[in-house]
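S.K.: Residue numbers (my numbering), protein chains in the order written: chain A, 492 to 774; chain B, 7 to 324; chain C, 403 to 668.
By construction, these hints were calculated from the structure, which means they are not laboratory data.
Here the structure is a predicted model, which is why all the values come from computation and not from measurement.
A virtual CB, placed ideally from N, CA and C, is assigned to each residue, including glycine.
Just to be clear, a hint being listed does not mean it is correct.
What the hints assert, rightly or not - In silico contact screen, one side only, chain A against chain C (beta carbon under 7 Å); selected entries:
id, residue
1, S605
2, V666
3, L724
4, L730
5, G732
6, D738
7, V740
8, V746
Stated by the list, open to error - Computed footprint of chain B on chain C, listed as stretches where at least three residues anywhere in the stretch have a Cβ under 8 Å from a Cβ of chain B:
id, region
9, 480 to 489
10, 528 to 538
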Amino acid sequence: MRPPSPSIPEKEFLVASLKESLRLDGRLPLETRTPILTFGPELGWVECALGKTRVVAEVEGKMVKPTPERPFEGSSRYTRRYRPWRRASTSPVGRASDEEVTITRMLDKVLRRSDAVDKESLCILAGQRVWHLRLTLHFLSDAGNMLDCACLAGIVALKHFRRPDVEVIGDEVTVHEPTERAPIPLAIHHTPFCFTFAFFPDPSIPPVIDPSQLEQRLSAGLLSVALNAQRELCVVQKLGGVPLDPDDVLKIVSVAVQKAKELNNVVDARLREDWEARKVEVT
Amino acid sequence: MITFTSFPVPADDTYNGAHSHHPDVSEDVLMDLDDDQDPLEAGGSKLTYPGESLTSSQAYMRGHGTYVENEEVIASVAGTMERVNKLVTVRAVRTRYNPEVGDLVVGRITEVQPRRWKVDANSRQDAVLMLSSVNLPGGVQRRKLESDELQMRTFFEEGDLLVAEVQAFFSDGAMSLHTRSLKYGKLRNGQLVTVPPVLVRRLKSHFIALPCGVDLILGLNGYIWVSKHVKASDQEGEEGFDAEAVYSNQNDYIDDLTRIAISRVTNIIRVLAAHFVPLTDTLLLEAYEWTVDQEGGAKDLLQEDVGDALVATITARL
Amino acid sequence: MGSRVEILNDGGFRSDGRRQFELRDMTIDLSQQGQADGCAVVTHGLTQVLVSVFGPREAKMRSQTMHDRANISVEVNVAAFSTGERRKRTRGDKRILELAATIKSTFEPVVQTNLYPRSQIDVYVQVLQQDGGLLQACINATTLALVNAGIPLLDFVCAVSGGVHSTSPLLDLTLLEENDIPNVTVAMMPKTGKVTLVTMETRLHVDRFEEIFRLAGDAGKVIHGEMKNAVRSRTSALVAAMGSGPRVGGVDVAADKDGDDRMNEY
């Protein structure tokens, strides 16, 4: 059983409108959907929505003994829960579909391998106690571009999370309740954001940022760029698909640079807003 | 300007294609030297590689193994370029079998389906052998019955080898076979060798009887059947068609000498195929005589030096 | 993580004695191996990959057939002995699945799959040795194996890896360099100069990226030259061998080019 592909008229309609730089949801080709970030009562619980695509990310921290190879570093683990969007058997049961593999690997690269979180600051007592972070992503619904949404949810959750303050006297570790002392945010090196562009086989169709589900399905190649507002690329990934002119690739990267700055401001503003709201509650 | 350099290749490098290359301008000129002699005019053939631009698409038509982009005819396979009037084609050196109607092929049943068999014939899709295109027991020209449909496995079952002719093509390019001749049908009393299909040329007859008591069927798909010689009279049987003999799974008695001859011929074919020498009846015969003269066993052929000597001798003779 | 080995020393040499833009020795073996329709063994320095291509042939699974084109299936197998630390990777390993998916989607637009409806092309990638530039070796070897199998391609796909050490770009990284510095792999099609694959997994400034990206594109052309020559000499050797047989209809091609002594290698 193959997943029902978009019907031919749907496809024709989309392609025809894209040729005139029109998108079905009224956006411009290089316009993203505005992310809606909703913070939960707990610190580190974020729901991110790009249109109808929704991902929930939650961060938990607990103290563990570090691995003997890395006594000074905290650890982190990412768990992903795909379920509802696993459409009617795209792949044999039990085996991850290609899309899942791509998202998993990409998240791993964006959030972990790019060293977003300073692992050494998670150390409490060398060789004895470190913080272990667990980030769980729940993919709630897929309306295209799960990857960007998940990356955003993940990084915002890490920024939103605050761990309880800890005091070390000799070998004694005291954990202060949030009510006693203000919890401490994680040391974040940088904030990578991911942007996905979709390309179409017809060269006259411009690349489209933040593709909707239909656009994603009909596209002939995706290019994902993860970068921070400091113009540092973390991941560039174009795995096959239609060949592109090198200049086009660089153009897209520069678009992403612009978008990352904008998004960074949005995220910072939202985080500040939320934190202000919480402060009032506490005092 | 930045230049790229590769490591120098050790002098004793056996692979002479792996020279290290400096992308200087002179290099490109050297590489393109043979392109300059305009093979289109020469009418000869030229070696191509995928992505090589051959000619303008306005003056010429594209054939197999090429595509057109930006008004240029571009090769898509590595092989020899050929030109017939305005048509430019590229034939790949090695490829799977491309069937043509009337070709003789040797195949293997992979699946029994309602009213048809699927046959692996080294092509891009399995061939189809319809129940209506085989000879049924009890007379050549007989309507097929429901009972025939029910006992299709008594004619051919999965794993059986057969020789057939390409009859037609389906719309998706799959070929349809037929065995409606006394020459065609199930194979027994021998063994199969596979060679690259390009090595089997179209001959007057693909049924070759070598004087050493070995029959050869050179399938154009590169499957070659080497078997014990069957006398023409035995093949026909009484009344022109003997269903039991034709669809039998039982090998006849084969004496030791014939067995050795069969394996000798098989090994010759393997050696020739490994050296990429096209097979013909005369060539095989010469090769057989040569090996007998050498007084080696059939298995000696598979030793590299013997094989090389064989190829050197027979290609020199012709 | 700090490296004890200098990636690029003051004299401008890298840890294995190469200069900044020097590529590793590349060898290509296109000889026939077993029953495969096309084979290629490609070595970049100490990285070695064997690719066998089967097909186009009848699809094994009916669900995978497509009525208008061939399906390409890629399977990657990393030999347990290919790295310094012996380790068996299972087939479900995400890295390997990603590698396979990458190879598949890189070649899907390049192979003229529409010529073979309902068929399947199987690509088996066997990684024999790893010393950096795994993806590059896999892509180059797959291109050559497909060419060798006579499967029509729009163009070669040539891949090169590159990296940036502080501000100096390097090409064709070894494992040691790959672990230490930001690296990029670029696969390009030399005819149009278009890029089919770009991957980068480490932090790098946009301007640096642009530099190495362009360099890798240029280096791809050098790799293309090597690959082209290998294909040519293989083709001419085969044509010469065929020409040495009897009664070949008018094909009297380049038979003298490689001579009979060359034939024995095949």
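S.K.: Please go over all the hints and tell whether each is borne out by the structure.
M.R.: Hint-by-hint comparison with the structure:
1. S605: Constraint on S605 (chain A) satisfied, holds at 6 Å.
2. V666: Nearest chain C Cβ about 30 Å off; hint violated.
3. L724: Holds, because the Cβ-Cβ distance from L724 (chain A) to chain C comes to roughly 5 Å (cut-off 7 Å).
4. L730: holds, 4 Å
5. G732: Holds, about 6 Å.
6. D738: This hint is violated: D738 (chain A) lies away from chain C, its Cβ roughly 10 Å from the closest one there, beyond 7 Å.
7. V740: With a minimum Cβ separation of about 6 Å from chain C (threshold 7 Å), the hint on V740 (chain A) holds.
8. V746: With a minimum Cβ separation of about 11 Å from chain C (threshold 7 Å), the hint on V746 (chain A) is violated.
9. 480 to 489: violated (count 0)
10. 528 to 538: Contact hint for the region 528 to 538 of chain C vs chain B: violated, 0 residues under 8 Å.
When each numbered hint is compared with the structure, violations occur for hints 2, 6, 8, 9, 10.
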